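Chains A and B, in that order, are what the protein sequence lines are.
Sequential numbering from 70 applies to the first sequence in my numbering.
Sequential numbering from -12 applies to the second sequence in my numbering.
Hints are computed from structural coordinates only; laboratory data are not their basis.
Errors might be hidden in some of the hints.
[Claimed, not checked] A few chain B positions that, by computed beta-carbon distances, are all more than 10 Å from chain A:
id, residue
1, Asp19
2, Glu114
3, Met410
4, Val432
[As the list claims (entries may be wrong)] The calculated SDA-like cross-link candidates involving lysine to any residue, where the alpha carbons are at most 20 Å apart (straight line), are:
id, chain 1, residue 1, chain 2, residue 2
5, B, Lys445, A, Leu244
6, B, Lys445, A, Leu95
7, B, Lys445, A, His242
8, B, Lys445, A, Arg283
9, B, Lys445, A, Trp241
10, A, Lys282, B, Asn439
11, B, Lys445, A, Leu82
12, B, Lys294, B, Ile305
13, A, Lys282, B, Glu448
[Said to hold, decoys possible] Here are the simulated distance ranges between beta carbons:
id, chain 1, residue 1, chain 2, residue 2, range
14, A, Val247, B, Ile16, 49 to 57 Å
15, A, Gly176, B, Asp378, 17 to 25 Å
16, B, Arg391, A, Glu87, 25 to 33 Å
17, B, Ile425, A, Val251, 19 to 27 Å
18, A, Gly176, B, Ala395, 53 to 61 Å
19, B, Ile425, A, Glu87, 30 to 38 Å
20, A, Arg249, B, Leu428, 41 to 49 Å
21, A, Val251, B, Ala(-5), 25 to 33 Å
22, A, Ala250, B, Gln402, 24 to 32 Å
Bear in mind that the values here come from a model prediction, so they are computed numbers and not experimental data.
Backbone N, C-alpha and C define an ideal beta-carbon position, used for all residues, glycine too.
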Amino acid sequence: MNLIAQAPGASALPDYLERYYWWAYLRPASLRVFDHPAVVSAILWGQYRGLCDAALGAVQPGKRVLQLACVYGDLTPRLRDRLGPKGRLEVVDVAPIQIDNLAAKLGHDPRVALWVADAAAPGTSRFDTVLCFFLLHELPDGHKRRVVDAALDRLAPGGRAVFVDYARPMRWHPLRPVMRAVFALLEPFAAAMWRRDIRSFSSTPERFSWREKRTFGGLYQIVVAERPG
Amino acid sequence: MRRTTYLAASAAIFTGLLVAAWVTHGTGIVKDDPERNIVIPDELTSELQVKVAYDGEDIWFRYRWPVERPAIFNDVLVYNDGKWEKRGGEALGPNPDFLTEDRVAMMIDDGSVPLFSRYGGYITIGEGLTTFTGVPETDEERTKYLPSSRTDPNDFDAVKPQSDLEKLRAAGQFIDLWQWRSSRSNPIGLGDDGFVAEAREGDEGTGPYTTNFDKEAGQPKYMFNPEVAGYRALKIDEVVSGKVGFNDTYYLSAETAVPFDPGYAWKNGDTIPRRFLRPEAGSRGDVVQPAAARWRNGFWDVTLQRKMDTGNPLDDKIFRDGGSYDVAFAVFRNASTMRWHYISLPASLGLGEPAQINAKFSEPGKPDWTGPWTEVEIYYPGQITWGQLTDARVHPGADRIAQRVPVAARHTEEQLALYGVQMEFADEIKRQWIWTLIASLGLIVALGISVNLLMRRKEEESR
Chain A
70 MNLIAQAPGA SALPDYLERY YWWAYLRPAS LRVFDHPAVV SAILWGQYRG
120 LCDAALGAVQ PGKRVLQLAC VYGDLTPRLR DRLGPKGRLE VVDVAPIQID
170 NLAAKLGHDP RVALWVADAA APGTSRFDTV LCFFLLHELP DGHKRRVVDA
220 ALDRLAPGGR AVFVDYARPM RWHPLRPVMR AVFALLEPFA AAMWRRDIRS
270 FSSTPERFSW REKRTFGGLY QIVVAERPG
Chain B
-12 MRRTTYLAAS AAIFTGLLVA AWVTHGTGIV KDDPERNIVI PDELTSELQV
38 KVAYDGEDIW FRYRWPVERP AIFNDVLVYN DGKWEKRGGE ALGPNPDFLT
88 EDRVAMMIDD GSVPLFSRYG GYITIGEGLT TFTGVPETDE ERTKYLPSSR
138 TDPNDFDAVK PQSDLEKLRA AGQFIDLWQW RSSRSNPIGL GDDGFVAEAR
188 EGDEGTGPYT TNFDKEAGQP KYMFNPEVAG YRALKIDEVV SGKVGFNDTY
238 YLSAETAVPF DPGYAWKNGD TIPRRFLRPE AGSRGDVVQP AAARWRNGFW
288 DVTLQRKMDT GNPLDDKIFR DGGSYDVAFA VFRNASTMRW HYISLPASLG
338 LGEPAQINAK FSEPGKPDWT GPWTEVEIYY PGQITWGQLT DARVHPGADR
388 IAQRVPVAAR HTEEQLALYG VQMEFADEIK RQWIWTLIAS LGLIVALGIS
438 VNLLMRRKEE ESR
C-alpha cells in the first residue's frame, strides 16, 4: 500500500491556492475535468507528451525521486514505471484531495510514498532527482523562491533537480497574446516566468550547474540544476 | 507534403469556422414567432407617470403615459357580403389595425399578500396561462392567480376547496385590480373594478360593457343612432386609418345607439362596435372617472376615482388616511390582455406616510395635482412564471426568493425586460451557446494544430 501521510508541520491550504486555483485543484469536479492526458495535452498546446519525456529522461532506474506537487495526466504513473524494482518515489502536495486522487491512480506500490505537505517543506530526505513539473508558475514569487531552494536543498550529491514550466516565448510566437490573456485571466503568478529565469529564484545558484532548454518557440522551458558529486 | 496538407487543412478549418462565426454573429435568435405566440416589442422599457390624491372620502389615481396613436376601438363588427364579421379585440402583439384598445391597470395590496410587495405581479403568473407559449387553447381563459389559491402553486387546476378560498379572501389574500380601457370603459367615463385571487375576475356586479352581437341572428344588437351620430355605422377604412376620433360618435351607449335595423341597405365596410357600453352596477362599478379621458399631444392622461372605503372588503382594498399600500402598474398600448404589455415593479404608496408614491391630501372633492409626477419605469415582462422564478434549476436567484429578497434589490427594470425576452428564447439561446462552444473549440484546436506544425518546421529548419 502507498504510504499516505500528513507531513509533520504541514499547514492548511495556502491562501493563493484557495483564492486563485480552487477551480483547478480543490474540487472533485476539477479532478473529473482535468485529470486526463488529453485534457492536459490540450492545455499545453499538444506539448504534454514531449515535456513529460524530457522530464522523465532525467530519471534513472533504481534512484530516489521526489516529485513536488501532483500533476494531472499520466506523468506520475510513467515516472513510477521508470523507477525499477529498487527505485523510490515520494510525492508531496499541499492539497489532500490531490494526494487522495494520485493514490487512487497509482494503486498499491511499496516503492511510492505520498505526503500531504507544502512543496517548500518536503521533508529532510535526500533524493537523486527532484521533479517540479508546471508548479512554479502557479506560486507567488516568494513561494517560488522557497520551492526552488527546497528542491535544490533536497538533492543528494550528484543529484539533479528538473524544472519544467512556462517561459517567455519568442516575440513572433502566435500564442504569445493568447497566453498573456490566459495568465491575466487565470494565472496571476505565471507572468513572472516570462520575466525571470528559474535560476534567479535560487538563493545559491552558484552551487549548482545549470542547463536550460527552451521548446515550442520558447513557450516552455526545461531547466536542470545539478549538485556536484 | 503531408505536413503542408495538414497545415492547409487546419487553416481551412480555421477560416471556415471564422467565416461561420462571422456570418452567424449578430444575426440574432430573438425574433417574432407567431407560431409560439411570441412578439417582442421594439422598445422593452417605457415610462408611466403617476399622481395620487385623497380627501378622506375618495381617492384619485392619475396616470400619464406616451402613446403615438391612441387606440379608441377594440373589437368591431364589419359588414361583408351579407355577413357581420368580427375584427380586432385579441391580437398577437400590437394590433396592426389599431383595433385593440389601450389600457392601464393597477394592482393594489394593503400588506395582506406579503409576496406582492416584494415581487409584484410576478406572483400571479402561474403555469399554463392563456397565450403562453406551448399552452393549448382552452374554452375558458386561464388567467392570473395567487399561489396561495392552489394546493400546488404550479398547477393551474389544483384550486383549493371553496371553503379554503373563502377563508383566504376574508384574510385579505387577494389583490385589488383597477383597469381603465380606452374603448370599453373610457367613452362613458368609467373604469373597471376587479381582483386577482383564485383567478382574475371582475368584482360583484356588472361591468361597463356587454356584447353587441346577436349570435342567433348573426348581426349586431345595436347600431349608431343616425339622429345623434349622423350615421348608422362607421366605415372600416376610416376606423383603421384613425380618421374617426374623439369628436366623432364612435361608441355605442344608451345615448348614442338605437336597435339594429336589419332591413337597412348595409354596404360592405360598414362598421359597428362589437361592445355596447352601459353603467356599471355593484362593487364592479366602484372605479370611475371624473370625466372621460382624452389623448392629447402624444399622451394618455387618465384619472380613476374610487371611494376610499367602498364597503366591499372582500373584493376591494380599503384605503385609510395614514395607511401604507403596495401598487404595481401595467400599460397596454394597442395590445390585448395578459402578455403584450409593460409592467412595473411594486411600489409603495403612502397616504400621509412616506413612500415611493406619496398621495396628496386634498380638499373635499378637489384632487390636488400640484405636486410632481412620480416617474415609474415600466418594461416588457416576457413570459416568466412564478414557478420558474422559484425553481433553482431555472432561476439562479430562486434561493433569494426563498429568503424573500425583493426583486428590486437584485434587478433593474431593464435587466428584467432582457431576462423576460431571454426566457422566451431559452432553448434557442442554449442551442446557440452550444454551437458557439463547438465553433470556439474547433478554432482553438485548429490554432493548436497550426502552431504545432509551424513550430516543428521552425525547429527542423534551425537544425
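Any of the earlier hints contradicted here, and which numbers? 4, 6, 11, 14, 15, 20
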